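K.L.:
Given only the sequences and the hints, what does the whole structure look like? Please build it.
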Amino acid sequence: MTMTVPAQRRAPLPAPERRGRTEVADRVVSKIACVAAAEVPEVRDVQPRGLPWTPSAGEVHGDQAVVRLNVSVAYPSPLHAVAARLRQHVIDRVAAQTGLNVTRLDITMTDVGGDLP
Numbered sequence: 001m002t003m004t005v006p007a008q009r010r011a012p013l014p015a016p017e018r019r020g021r022t023e024v025a026d027r028v029v030s031k032i033a034c035v036a037a038a039e040v041p042e043v044r045d046v047q048p049r050g051l052p053w054t055p056s057a058g059e060v061h062g063d064q065a066v067v068r069l070n071v072s073v074a075y076p077s078p079l080h081a082v083a084a085r086l087r088q089h090v091i092d093r094v095a096a097q098t099g100l101n102v103t104r105l106d107i108t109m110t111d112v113g114g115d116l117p
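Heads up: the sequence shown is residues 1 to 117, going by UniProt numbering.
SDA-like, lysine to any residue: derived pairs with alpha carbons at most 20 Å apart:
| no. | residue 1 | residue 2 |
| --- | --- | --- |
| 1 | Lys31 | Ala57 |
| 2 | Lys31 | Arg93 |
| 3 | Lys31 | Gly62 |
| 4 | Lys31 | Thr98 |
| 5 | Lys31 | Val66 |
| 6 | Lys31 | Arg104 |
| 7 | Lys31 | Gly99 |
| 8 | Lys31 | Thr110 |
| 9 | Lys31 | Arg68 |
| 10 | Lys31 | Asn101 |
| 11 | Lys31 | Thr108 |
| 12 | Lys31 | Gln64 |
| 13 | Lys31 | His89 |
| 14 | Lys31 | Asp63 |
| 15 | Lys31 | His61 |
| 16 | Lys31 | Val102 |
| 17 | Lys31 | Asp45 |
| 18 | Lys31 | Arg44 |
| 19 | Lys31 | Gln47 |
| 20 | Lys31 | Ala83 |
| 21 | Lys31 | Ser72 |
| 22 | Lys31 | Val60 |
| 23 | Lys31 | Ala95 |
| 24 | Lys31 | Gln97 |
| 25 | Lys31 | Arg87 |
| 26 | Lys31 | Asp106 |
| 27 | Lys31 | Thr103 |
| 28 | Lys31 | Ile91 |
| 29 | Lys31 | Glu59 |
| 30 | Lys31 | Pro48 |
| 31 | Lys31 | Leu105 |
| 32 | Lys31 | Met109 |
| 33 | Lys31 | Gln88 |
| 34 | Lys31 | Pro41 |
| 35 | Lys31 | Ala96 |
| 36 | Lys31 | Asp92 |
| 37 | Lys31 | Arg85 |
Just so you know, these hints were derived from the structure itself, not from any lab. Only a predicted model underlies this, so the values are computations on that prediction, with no experimental measurement involved.
P.N.:
Listed below in structure tokens is the structure:
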């Protein structure tokens, strides 16, 4: 003989903003920004955080982020155009992966070299 047990109703979940909060560490933003920068074809190298003379870094302030990148660029690339593409790509990637709004992105081009892809 089988027995049917009625389903128990669960209380509805609270709204997402009441379930807790998510924090994104500075180093996560920095890593995402460095990987995103390396995806731009003209970027030859991104100096990661931790190198004392050229650190790339990300800082989180609430729902906003500030990012510093140090990159080398292929020669002969139009640096202003590369910077514009790089800035937009990194801002988009950080926002898509973290939900943070990048309010400032400082780019230092530390070197040129290599060939264009």
